[in-house]
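S.K.: Modelling step: build the complete structure from the supplied sequences, incorporating the hints.
Protein chains in written order, with the numbering used here: chain A, 89 to 203; chain B, 1130 to 1244.
Honestly, the hints are just simulated from the structure, not real lab data.
None of the values given here were measured: they were computed from a predicted structure.
Do not take every clue at face value.
In silico DMTMM-like pairs for lysine to aspartate or glutamate, Cα to Cα no more than 25 Å straight-line [said to hold, decoys possible]: (1) A:Lys112 <-> A:Glu196; (2) B:Lys1231 <-> A:Asp145; (3) B:Lys1198 <-> A:Asp188; (4) B:Lys1231 <-> B:Glu1195; (5) B:Lys1187 <-> A:Asp188; (6) B:Lys1231 <-> A:Asp151; (7) B:Lys1231 <-> A:Glu196; (8) B:Lys1231 <-> A:Asp188; (9) A:Lys166 <-> A:Glu150; (10) B:Lys1243 <-> B:Glu1144; (11) A:Lys156 <-> A:Asp144.
Listed here are the chains, written in short residue letters.
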Amino acid sequence: DAGVIQSPRHEVTEMGQEVTLRCKPISGHDYLFWYRQTMMRGLELLIYFNNNVPIDDSGMPEDRFSAKMPNASFSTLKIQPSEPRDSAVYFCASSFPGRDTGELFFGEGSRLTVL
Amino acid sequence: AQSVTQLGSHVSVSEGALVLLRCNYSSSVPPYLFWYVQYPNQGLQLLLKYTSAATLVKGINGFEAEFKKSETSFHLTKPSAHMSDAAEYFCAVRPLYNQGGKLIFGQGTELSVKP
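M.R.: Structure, rendered in structure tokens:
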């Protein structure tokens, strides 16, 4: 069974450019989460969805960040325009709390470097 | 509000020594509890979870954790550290009253293993 799939694994871009990170959750999972991890701030929850609907986006740092989930098998996190302080590892995770204890299954992450 | 506290952001042990990583949570009702491990350049993976079935939980790679309600703790232990255990470890909680999927993570503890 495939896990959570994220792309790209690595992205290097210049300040001001648009960045799009992609995530495919585990089939059947109805929750999807976007996290950001940095040395300074640790693991931060940015936004999460339930059945493709955003539930809590209070962790999204500012309007430059947006996330969508057009269907149950795909989500994007977009940063426009990007800034050097956005450099981090972005993780996507999914879960199905209605069936079990609700543990999160994480992807391998997308490492973003903004120059 | 729910919170998770991991005592010690860095723990260093010698190979073969006992590993003890501390986690305390704040909740009036015992929640679901989890330990995740993150190896360098990888995503978080589930190490073990507490679901109220048993207070002593065994996980992968020889790790175990004991739920102590009176102490609101869920410390992670391993009798004998191996070099391959060097990683970052996260404790997380999902309140039982929260039927949503959100987990609350601690700040993480980086484990170093000296030869």
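S.K.: All hints, please: hold or fail.
M.R.: These are the hints, each one checked on the structure:
no., hint, verdict
1, A:Lys112 <-> A:Glu196, "12 Å, holds"
2, B:Lys1231 <-> A:Asp145, "12 Å, holds"
3, B:Lys1198 <-> A:Asp188, "21 Å, holds"
4, B:Lys1231 <-> B:Glu1195, "23 Å, holds"
5, B:Lys1187 <-> A:Asp188, "18 Å, holds"
6, B:Lys1231 <-> A:Asp151, "23 Å, holds"
7, B:Lys1231 <-> A:Glu196, "19 Å, holds"
8, B:Lys1231 <-> A:Asp188, "13 Å, holds"
9, A:Lys166 <-> A:Glu150, "12 Å, holds"
10, B:Lys1243 <-> B:Glu1144, "6 Å, holds"
11, A:Lys156 <-> A:Asp144, "12 Å, holds"
Of the numbered hints listed earlier, not one is contradicted by the structure.
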